[in-house]
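There are 2 protein chains.
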Amino acid sequence: MNVLALIKSRRSIRKYKKQIPSDRIIHSVLEAGRWAPSGLNNQPWRFFVVKDNAAKNKLASFTKYSRVIKEAPLIIVICLNLKDSYHREKDLMAIGAYIQNMLLQAHASGLGACWLGEILNKKEEVAHGLCLPKGFELVAVVSLGYPDEFIKAGKRRPLKGSIIPEKS
Amino acid sequence: MNVLALIKSRRSIRKYKKQIPSDRIIHSVLEAGRWAPSGLNNQPWRFFVVKDNAAKNKLASFTKYSRVIKEAPLIIVICLNLKDSYHREKDLMAIGAYIQNMLLQAHASGLGACWLGEILNKKEEVAHGLCLPKGFELVAVVSLGYPDEFIKAGKRRPLKGSIIPEKS
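Protein chains in written order, with the working numbering: chain A, 320 to 487; chain B, 320 to 487.
These are calculated hints, taken from the structure and not from any lab test. Worth double-checking, as some hints may not be accurate.
For chains that are exact copies, the list does not tell them apart, and a pair is met inside one copy or across any two.
Derived lysine-lysine pairs resembling DSSO-like cross-links, with alpha carbons at most 27 angstroms apart [said to hold, decoys possible]:
| id | residue 1 | residue 2 |
| --- | --- | --- |
| 1 | Lys-402 | Lys-442 |
| 2 | Lys-453 | Lys-389 |
| 3 | Lys-327 | Lys-453 |
| 4 | Lys-377 | Lys-474 |
| 5 | Lys-479 | Lys-389 |
| 6 | Lys-389 | Lys-337 |
| 7 | Lys-479 | Lys-377 |
| 8 | Lys-327 | Lys-471 |
| 9 | Lys-402 | Lys-479 |
| 10 | Lys-334 | Lys-402 |
| 11 | Lys-474 | Lys-370 |
| 12 | Lys-334 | Lys-453 |
| 13 | Lys-402 | Lys-327 |
| 14 | Lys-453 | Lys-479 |
| 15 | Lys-453 | Lys-337 |
| 16 | Lys-441 | Lys-327 |
| 17 | Lys-479 | Lys-375 |
| 18 | Lys-377 | Lys-334 |
| 19 | Lys-479 | Lys-442 |
| 20 | Lys-370 | Lys-479 |
Let the hints inform the model, and build the full structure from the sequences given.
Written out as structure tokens, the structure is:
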């Protein structure tokens, strides 16, 4: 299986067709997240899916990327469950793995997605506006739908540029 | 491409054969990490690969999982580059995505890996013992090699158990 090609060809997609992905495909994306690794297998992630316009518009009011949220057929709102959290750094990394699994499965299914982080600047307002129960901390929002744009190759630092040099 | 099956069949592997993976395979694993998404594309991850016994033994002395580190042919030490960091939570999630990419590519290549987090309890001692340059914070260690154990299906909470309930 060429997962490396899948990983390398994934892009952040911010324009979507109106077509709503089937429940089967949405389920497969959420299912991919579920199998992420986590410290002590604590699975600190929680989520809900936003489809209706009223909730999307509310969410959109808390970010400068409101167009993306309004136009995407689906939004996955991802939270850290503070009750399950035993080590904040490890839990956040586990949620990163959880999100990446979903992004890869979305891409493999022909969907486009965008991991939106800027909205975290207003995480308290989002929690209030969306009536999040206590104990759930907003950590990411992922928009999802069939791509209506083509994004050229992304840019990354060459591999060697990420190697930690030996202390001289 | 059935990436969901790959995601679901991945296990944490803690026993390895002596055979050392080829440079080509190691490169493909590191390359998978490189294409992870990050906020503002800041790519906050840095790493180095440990192969020699002296360094592995030193690293092993900082965790109760010393056997895994000593026996694995390869160890990837992963740090947050504090200079590139612009939002600690997003950066840690990006590194989680980075690690997950590597775990999936390792699994797709027939390798087994284990994401070791307990060693973070001694991150200062590791930094000192391994002579990490300033500005790099240890965030994870991944052991890597050909599996010498079979691990049955992992356990995860059912999907519904991760849905955030609506506030009543």
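Evaluated hints:
no.: 1; hint: Lys-402 with Lys-442; in the structure: both (18 angstroms within a copy, 25 angstroms between copies)
no.: 2; hint: Lys-453 with Lys-389; in the structure: within (26 angstroms within a copy, 43 angstroms between copies)
no.: 3; hint: Lys-327 with Lys-453; in the structure: neither (38 angstroms within a copy, 31 angstroms between copies)
no.: 4; hint: Lys-377 with Lys-474; in the structure: neither (33 angstroms within a copy, 36 angstroms between copies)
no.: 5; hint: Lys-479 with Lys-389; in the structure: between (40 angstroms within a copy, 25 angstroms between copies)
no.: 6; hint: Lys-389 with Lys-337; in the structure: within (11 angstroms within a copy, 53 angstroms between copies)
no.: 7; hint: Lys-479 with Lys-377; in the structure: between (43 angstroms within a copy, 24 angstroms between copies)
no.: 8; hint: Lys-327 with Lys-471; in the structure: within (11 angstroms within a copy, 30 angstroms between copies)
no.: 9; hint: Lys-402 with Lys-479; in the structure: between (40 angstroms within a copy, 17 angstroms between copies)
no.: 10; hint: Lys-334 with Lys-402; in the structure: neither (36 angstroms within a copy, 32 angstroms between copies)
no.: 11; hint: Lys-474 with Lys-370; in the structure: neither (32 angstroms within a copy, 29 angstroms between copies)
no.: 12; hint: Lys-334 with Lys-453; in the structure: neither (33 angstroms within a copy, 41 angstroms between copies)
no.: 13; hint: Lys-402 with Lys-327; in the structure: between (35 angstroms within a copy, 26 angstroms between copies)
no.: 14; hint: Lys-453 with Lys-479; in the structure: between (44 angstroms within a copy, 19 angstroms between copies)
no.: 15; hint: Lys-453 with Lys-337; in the structure: neither (34 angstroms within a copy, 49 angstroms between copies)
no.: 16; hint: Lys-441 with Lys-327; in the structure: neither (31 angstroms within a copy, 34 angstroms between copies)
no.: 17; hint: Lys-479 with Lys-375; in the structure: between (41 angstroms within a copy, 22 angstroms between copies)
no.: 18; hint: Lys-377 with Lys-334; in the structure: within (19 angstroms within a copy, 50 angstroms between copies)
no.: 19; hint: Lys-479 with Lys-442; in the structure: between (36 angstroms within a copy, 24 angstroms between copies)
no.: 20; hint: Lys-370 with Lys-479; in the structure: between (42 angstroms within a copy, 17 angstroms between copies)
The earlier numbered hints that this structure contradicts are 3, 4, 10, 11, 12, 15, 16.
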